[in-house]
Amino acid sequence: DGGITQSPKYLFRKEGQNVTLSCEQNLNHDAMYWYRQDPGQGLRLIYYSQIVNDFQKGDIAEGYSVSREKKESFPLTVTSAQKNPTAFYLCASRQKGWDTYEQYFGPGTRLTVT
Amino acid sequence: AQSVTQLGSHVSVSEGALVLLRCNYSSSVPPYLFWYVQYPNQGLQLLLKYTSAATLVKGINGFEAEFKKSETSFHLTKPSAHMSDAAEYFCAVHSSNTGKLIFGQGTTLQVKP
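Taken in order, these protein sequences are the chains called P and V. Residue numbering for the first sequence is 86 to 199, as defined by the working numbering. Residue numbering for the second sequence is 109 to 221, as defined by the working numbering.
Some clues are possibly wrong.
Facing chain V, from chain P, some residues (calculated, C-beta under 10 Å) [said to hold, decoys possible]: (1) 93; (2) 128; (3) 133; (4) 136; (5) 140; (6) 166.
In case anyone wonders, no lab produced these hints; they're calculated from the structure. Every residue, glycine too, gets a C-beta built ideally from N, C-alpha and C.
All chains should be modelled from the sequences, with the hints used to inform the complete structure.
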């Protein structure tokens with residue numbers, strides 16, 4: 086089955102540690118996205134990538150980093166510089182094309198930093 | 109710039125009652141609009157999308173939405189609520205300026221037995 090996988094589902098880290106969240110898709114989609122979700126704040130875009138080896142900052146990129154070395158993979162690193170990293174993180178992808186603007190989401194990773 | 113506003117952060121209905129979740133958009137160009145559903149601790153699932161074809165769009169799980177340009181609205185409806193419809197619902201618009209999806213703040217639907 087085609088889809089987006091995120092691992093792990095739950096992640097716990099100590100303050101001051103970097104942590105990398107995995108996102109893999111086998112939909113052959115060109116674009117991939119990372120969102121952060123906090124209660125009552127909807128979805129906020131962290132980073133996105135339209136093509137391999139290229140990515141752009143979203144609305145809240147500070148304290149995060151990404152890479153896009155392969156079409157199917159878009160890992161997100163939450164660095165120790167992120168002030169409040171505890172949140173639900175969602176990865177999404179989209180097939181670029183005429184009239185295809187919908188994004189498809191993975192199951193999410195809940196990160197807790199203490 | 110495009111934006112969406114969801115009216116009501118919480119909506120409560122009885123099982124079997126009509127579901128109406130409101131979404132208004134702002135756009136200077138013909139918009140591409142979407143409704144997503146999110147169950148607890150899960151990702152978002154696409155319910156339906158409007159891409160300037162028919163104004164009444166049918167989606168999954170018995171939901172539909174009507175695009176009304178005069179009212180700049182794209183409200184989501186379902187004739188009869190089921191307990192399994194309890195979830196959070198997000199309206200989104202594609203931004204032609206940035207290429208991003210702009211999401212509303214979400215509406216939590218509670219279904220009472």
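Cut-off 10 Å, beta-carbon criterion: hint that residue 166 of chain P touches chain V
Violated - the Cβ of residue 166 of chain P stays beyond 10 Å from chain V, reaching only about 24 Å at its closest.
With chain V as the partner, please determine if residue 93 of chain P meets the hint condition of a C-beta pair closer than 10 Å.
violated (13 Å)
Would the hint on residue 133 of chain P stand, with a C-beta cut-off of 10 Å toward chain V?
At about 7 Å, which falls below the 10 Å cut-off, the nearest Cβ of chain V leaves the hint on residue 133 of chain P intact, so it holds.
Hint status (Cβ of residue 140 of chain P to nearest Cβ of chain V, threshold 10 Å):
Check failed: Cβ of residue 140 of chain P comes no nearer than 13 Å to chain V, outside 10 Å.
Under the criterion of a CB-CB separation shorter than 10 Å, is residue 136 of chain P in contact with chain V as hinted?
violated (12 Å)
Status of the residue 128 of chain P interface restraint (C-beta, 10 Å, chain V)
holds (5 Å)
Hints 1, 4, 5 and 6, counting from the list given before, are not met by this structure.
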